[in-house]
Amino acid sequence: MKFIDLDIQSNLSTGKSSVEEIAKLAEKLGFSGIAICDVWQGHERLKQLKEKIAEVQKLVKIEIIIGAKIEAKTVPELKRALEQVRESVVVVCVAGGSYEINRAACEDSRVDFLAHPALGRRDNGLDEVCLNAASKNNIAIELNFREVLLNYRKGRAIVLSNLSTNVRLCQQLGVKMVASSGANSVLEMRDPRELVSLANVIGMELQDSFTTVSDIPNAIVESNRKKLEGKTIAPGIEIIDKGEKSV
Amino acid sequence: MFDRPQHLSPNLREKRRYVAFKINCNKPLQEMDVNNAIWNSALNFLGDLGAAKASLFVLKGIYTPENKIGMVRCSHTAVEHVRTALALVTRVGEEPVIIEVLGISGTIKAAKRKYLGERILSSFEK
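Protein sequences, first through last, are from chains A and B. Taking the working numbering, I'd label the letters of the first sequence as residues 1 to 247. Taking the working numbering, I'd label the letters of the second sequence as residues 1001 to 1126.
No wet-lab data here; the hints were simulated from the structure. One or more hints might be untrue.
Unchecked claim - Calculated cross-link-like contacts (lysine to aspartate or glutamate; reagent style EDC-like; alpha-carbon spacing at most 20 Å):
#: 1; chain 1: A; residue 1: Lys2; chain 2: A; residue 2: Glu194
#: 2; chain 1: B; residue 1: Lys1114; chain 2: B; residue 2: Glu1066
#: 3; chain 1: B; residue 1: Lys1060; chain 2: A; residue 2: Asp123
#: 4; chain 1: A; residue 1: Lys28; chain 2: A; residue 2: Glu55
#: 5; chain 1: B; residue 1: Lys1015; chain 2: A; residue 2: Asp123
#: 6; chain 1: A; residue 1: Lys73; chain 2: B; residue 2: Asp1003
#: 7; chain 1: A; residue 1: Lys61; chain 2: A; residue 2: Asp191
#: 8; chain 1: A; residue 1: Lys154; chain 2: B; residue 2: Glu1031
#: 9; chain 1: B; residue 1: Lys1015; chain 2: A; residue 2: Glu128
#: 10; chain 1: B; residue 1: Lys1112; chain 2: B; residue 2: Glu1100
#: 11; chain 1: A; residue 1: Lys24; chain 2: A; residue 2: Glu63
#: 12; chain 1: A; residue 1: Lys154; chain 2: B; residue 2: Asp1033
#: 13; chain 1: A; residue 1: Lys79; chain 2: B; residue 2: Asp1003
Please build the complete structure, drawing on both the sequences and the hints.
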């Protein structure tokens, strides 16, 4: 089974570990790919990240995917960032927390997944409107391991309660979920099987828990690659190369 | 634009129960201390995951140091767990206490009427 962690930050943005350290540990933990989702700080920083990833890619066997995390405070800021970043990276995620941003992210099909929608909140941060929009636009909701890891006692109970509410609602409304470590340093990275356990513990079936770390992240990466290569014109319409059989 | 999620439709809502309790103690106790004592007891007894699955929440603004009656919200599947966690509270701050469960209700309104002696308009008409 191919496991991918879609949400890791390197020291080129808010993280503390280098891309090389992250990639080597991810290989050891059993991932077949990782997405470095650094906080979006402009094209210059992205160019640096791409160069770094190209260097490290030669040293490891796993696939390193370029991603971007948008930390916007207002909706216009989010839209502007999405316009700039969508064509340049494979994975785009939006840092949630504010209800306004959560809803705007769920309503924009350029977003791949919404990270930690309940961050810093007492409620789960999502309602029926957001989740119906996310289902329609094929946007996944993240189960962030770091949120659980860094909280303690009452805070952790609240986080787990919010996550289990989101799992229940996503299952009822047919929204996809991705489990990721959300790591800012190598010490926060965990084995893919542990991420599966977290998803299982908070209310998902074991079979579905596996898809949150393997099938769904793989599908996101695959479809975005096709879009970036220009093979997908619109949802359901693909250009098939000469000689290939039609699907 | 709203700043918090809207109410879920009834089929998606989690079924909740409101547990009304009374603290037996001679001295006045602060709401914050009572809240902390209940959370500590629940976390020690049920653990982080158990407290999360119980969707525990101590309602604010109901408890007063004079009447010593408060309310805890929980999931309908975890009422017995929460009752036991409340029974295990032995101290609030420095004061030894006993928490007595007055009853369980499906809405705050009904719980207030039954256990806090709040009267609704129709009761005045009679």
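Hint by hint, here is what the structure shows:
no.	hint	verdict
1	A/Lys2 / A/Glu194	holds (15 Å)
2	B/Lys1114 / B/Glu1066	holds (18 Å)
3	B/Lys1060 / A/Asp123	holds (15 Å)
4	A/Lys28 / A/Glu55	holds (19 Å)
5	B/Lys1015 / A/Asp123	holds (16 Å)
6	A/Lys73 / B/Asp1003	holds (13 Å)
7	A/Lys61 / A/Asp191	holds (17 Å)
8	A/Lys154 / B/Glu1031	holds (17 Å)
9	B/Lys1015 / A/Glu128	holds (17 Å)
10	B/Lys1112 / B/Glu1100	holds (16 Å)
11	A/Lys24 / A/Glu63	holds (11 Å)
12	A/Lys154 / B/Asp1033	holds (15 Å)
13	A/Lys79 / B/Asp1003	holds (19 Å)
The structure is consistent with each of the numbered hints, conforming to all of them.
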